[in-house]
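2 protein chains.
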Amino acid sequence: MALIVQKYGGSSVANAKKILRVAQRVIKTKRAGHKVVVVVSAMGDMTDDLIALAGQINKNPEEREMDMLLSTGEQVSIALLAMAVHKLGHQAVSFTGPQVGIITDEFHSKARIQNVSAERIKKALGDGKIVIVAGFQGQTPSGEITTLGRGGSDLTAVALAVALKAKHCEIYTDVDGIYTADPRVIPEARKMSVATYDEILELASLGAKVMHSRSIEVGKKFNMPIRVRNSHKDVQGTLITKENKKMEEVVVSGVALAEDEAKITLFRVSDRPGVAAKVFQTLADANVNVDMIIQNKTQTNSTDISFTVLKHELTKALKTVKAAMKKVGATSITCDENIAKVSVVGIGMRSHSGIASKMFSTLAKHKINIDMISTSEIKISVVVAGDKGRLAARAIHRAFGLDKK
Amino acid sequence: MALIVQKYGGSSVANAKKILRVAQRVIKTKRAGHKVVVVVSAMGDMTDDLIALAGQINKNPEEREMDMLLSTGEQVSIALLAMAVHKLGHQAVSFTGPQVGIITDEFHSKARIQNVSAERIKKALGDGKIVIVAGFQGQTPSGEITTLGRGGSDLTAVALAVALKAKHCEIYTDVDGIYTADPRVIPEARKMSVATYDEILELASLGAKVMHSRSIEVGKKFNMPIRVRNSHKDVQGTLITKENKKMEEVVVSGVALAEDEAKITLFRVSDRPGVAAKVFQTLADANVNVDMIIQNKTQTNSTDISFTVLKHELTKALKTVKAAMKKVGATSITCDENIAKVSVVGIGMRSHSGIASKMFSTLAKHKINIDMISTSEIKISVVVAGDKGRLAARAIHRAFGLDKK
Chain W
2 MALIVQKYGG SSVANAKKIL RVAQRVIKTK RAGHKVVVVV SAMGDMTDDL IALAGQINKN
62 PEEREMDMLL STGEQVSIAL LAMAVHKLGH QAVSFTGPQV GIITDEFHSK ARIQNVSAER
122 IKKALGDGKI VIVAGFQGQT PSGEITTLGR GGSDLTAVAL AVALKAKHCE IYTDVDGIYT
182 ADPRVIPEAR KMSVATYDEI LELASLGAKV MHSRSIEVGK KFNMPIRVRN SHKDVQGTLI
242 TKENKKMEEV VVSGVALAED EAKITLFRVS DRPGVAAKVF QTLADANVNV DMIIQNKTQT
302 NSTDISFTVL KHELTKALKT VKAAMKKVGA TSITCDENIA KVSVVGIGMR SHSGIASKMF
362 STLAKHKINI DMISTSEIKI SVVVAGDKGR LAARAIHRAF GLDKK
Chain U
2 MALIVQKYGG SSVANAKKIL RVAQRVIKTK RAGHKVVVVV SAMGDMTDDL IALAGQINKN
62 PEEREMDMLL STGEQVSIAL LAMAVHKLGH QAVSFTGPQV GIITDEFHSK ARIQNVSAER
122 IKKALGDGKI VIVAGFQGQT PSGEITTLGR GGSDLTAVAL AVALKAKHCE IYTDVDGIYT
182 ADPRVIPEAR KMSVATYDEI LELASLGAKV MHSRSIEVGK KFNMPIRVRN SHKDVQGTLI
242 TKENKKMEEV VVSGVALAED EAKITLFRVS DRPGVAAKVF QTLADANVNV DMIIQNKTQT
302 NSTDISFTVL KHELTKALKT VKAAMKKVGA TSITCDENIA KVSVVGIGMR SHSGIASKMF
362 STLAKHKINI DMISTSEIKI SVVVAGDKGR LAARAIHRAF GLDKK
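Listed in order, the protein sequences are those of chains W and U.
Each residue of the first sequence is one higher than the one before, counting from 2 in my numbering.
Each residue of the second sequence is one higher than the one before, counting from 2 in my numbering.
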């Protein structure tokens, strides 16, 4: 008998019928002899509806009150799922985040979990009950209701799995698992049966939109296996776990395409220590996220610096950098919104050589010019022309054999 | 500067526009120099919608889970009202019932308040904030969410007013105040400017549908003045308070009509001590509420007993009583659904005579036969034929001059 934490997203509990289906799935796990803790999100569009309602009253609502409002969404789901389990003849009990001791810091709308006591869950499991917990929410030590921000329900599930020493944490979604690439971009993308935390972290941050990185980070930190599965089908999903020998044999595990970035280049920045830092500190102060940074010294006493930012932050980024140009001695600035970033990720890269040259020669064969290159231990990213992104991603995906079993 | 508790019902906060209007009203009170605590119900039909949603999943949901579900309704309202107050440029903070220490017993769906600490409210008021509290809800000492049942939000408001030593508690509704009779039945009914707790308690229990008796009882116990006012108009409502000399001059303050009762008669019940008790204990065990009870000894060794129950409990009542007939020696049983109960209420009755005779002669003048009579210190009730109820109520209302200022 194992303890398993399962998480169901908003689309899995969007109406009464779907809630009853989730209840059946939960009961099946219980019947297989396991202790089950279920984390649920708000029903379908409920969160969006509540946000729209708030917008009718106040365009800039206080985050504390938004948390008060939005946390009701998950509370509705847990009560209904408990009723569904009862209806099917099994014992269940629902708890809010605050009730099970999910303690967070005080940053409303994006709180971080500080501690999970889970005493009430343990007691209810001991009584033979299926325990249903509201995702996405917690409370501060002084009793203020908080929400955890994007990917919050996944985070609740993984954090509870860690606190309860679960065998693993199952994340149920609309897809069969995590793919070697986005199937909407690369139809021949295949489901990965296994991946490491680091690979998924790189894929998530590269725009593969799988799971939010915060929950993967917690999984990695506490070595909690995470299974991503389809809530509508009974198929094996993707297991996210720590690396093992066998996994290193797979050189590249996925390809990611990001089309939401823009490139900024500052020309002839003074080549003195601390100058680059000044540019990026200014951007950080303006709350602009910078992704790739390339610096290449081509002249004496000065250098060009290029970096990418999210397109929707481009205007803010340009304004910020222009204001700082004089301080860093730059002579001019350009930007390019027509770019795409293609990345290959794989822990096998560390022990295999030739990945970069294979990637670059594939691009050359397709006459795709490389604009920027950036590498980390387990990934290589290139920036190419925006209209070449999809072609590049697909060619690279094929070149590394990701379309074959 | 006084502390005032205001309560707004579901129809007063049914949409964004109405919530902003309530916010204006609350701010007006704050601007007049008062400390304001606001209690709100769930928006319009939200509670009914949630009940319907639960019904799609489980026809007999556990009461604990219904409380978990329904308590979200008020939580949505408090967050939105706080946002509305912020929007209008004032400080406000919302709290759930559990957050402000409303501690109840463990009877889900009809919990009774055991204690109110209200420390967080006092602190927030001290910080100059308008405090907004979710009505209808609390938590048990062990942290289970409970709801207070019918009239629960009124009860929250009065209990908070008592705990905070408020100057008075204002209950905002859709009507101008409490009337001498139901205006839908007696169009010439007038608004009372003042009434005693006892009068309103009698009127409420007699079917005048004004405020739930639980909150009036708490108001009476702690001598907390309650003002019933119209949330849409700026008119004086009805003040419910303890009695004073002047009030005794008004002999009859209201007339109530109840058309939802049925009469049961048991014939030739053994006339021994404890027999009547047996009948009503059986009904109590079956959870049937009995209203009027009349016993009249007309034979030797036996007596007839008549009593009234709510029509929708008649079937259950008949079944229960029939099963107990032998035990009490009764020979037969009849029932009558075509009855109406008309009552006059007024604390002045205690010091004035002739009320009963005036009531009975008024009925005689209109050729209305009296079937049952029951009296208490401040009320007289009669049962008449069902189709004569409205005529009787109206005639009595006029006879006591309630239609005139």
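Misleading hints may appear alongside valid ones.
Because identical chains share one entry, a pair is satisfied inside a single copy or across any pair of copies.
[What the hints assert, rightly or not] Here are the simulated lysine-lysine pairs, PhoX-like style, with alpha carbons at most 25 Å apart:
1. K192 x K317
2. K111 x K88
3. K60 x K130
4. K168 x K366
5. K320 x K31
6. K405 x K18
7. K166 x K389
8. K60 x K221
If you're looking for bench data, these hints aren't it; they were derived computationally from the structure.
Against the structure, the hints:
For the identical chains of this complex, K192 and K317 are neighbours neither inside a copy (38 Å) nor across copies (61 Å), given an alpha-carbon limit of 25 Å. Within a single copy, K111 and K88 get their C-alpha atoms only as close as 35 Å, which misses the 25 Å cut-off; across copies the closest is 22 Å, which meets it. Proximity of K60 and K130 under a CA criterion of 25 Å is satisfied inter-copy only: 21 Å between copies versus 42 Å inside one chain copy. With identical chains, the CA atoms of K168 and K366 are never at most 25 Å apart, being 47 Å at best within one copy and 84 Å at best between copies.
For the identical chains of this complex, K320 and K31 are neighbours neither inside a copy (56 Å) nor across copies (43 Å), given an alpha-carbon limit of 25 Å. Taking the shortest Cα distances, K405 and K18 never come within 25 Å of each other, neither inside one copy (37 Å) nor across copies (58 Å). When the C-alpha separation of K166 and K389 is checked against a cutoff of 25 Å, the pair qualifies neither within a copy, at 46 Å, nor between copies, at 72 Å. Taking CA atoms no more than 25 Å apart as the test, K60 paired with K221 passes in neither setting, with 38 Å inside one copy and 43 Å between copies.
In summary, the numbered hints that this structure violates are 1, 4, 5, 6, 7, 8.
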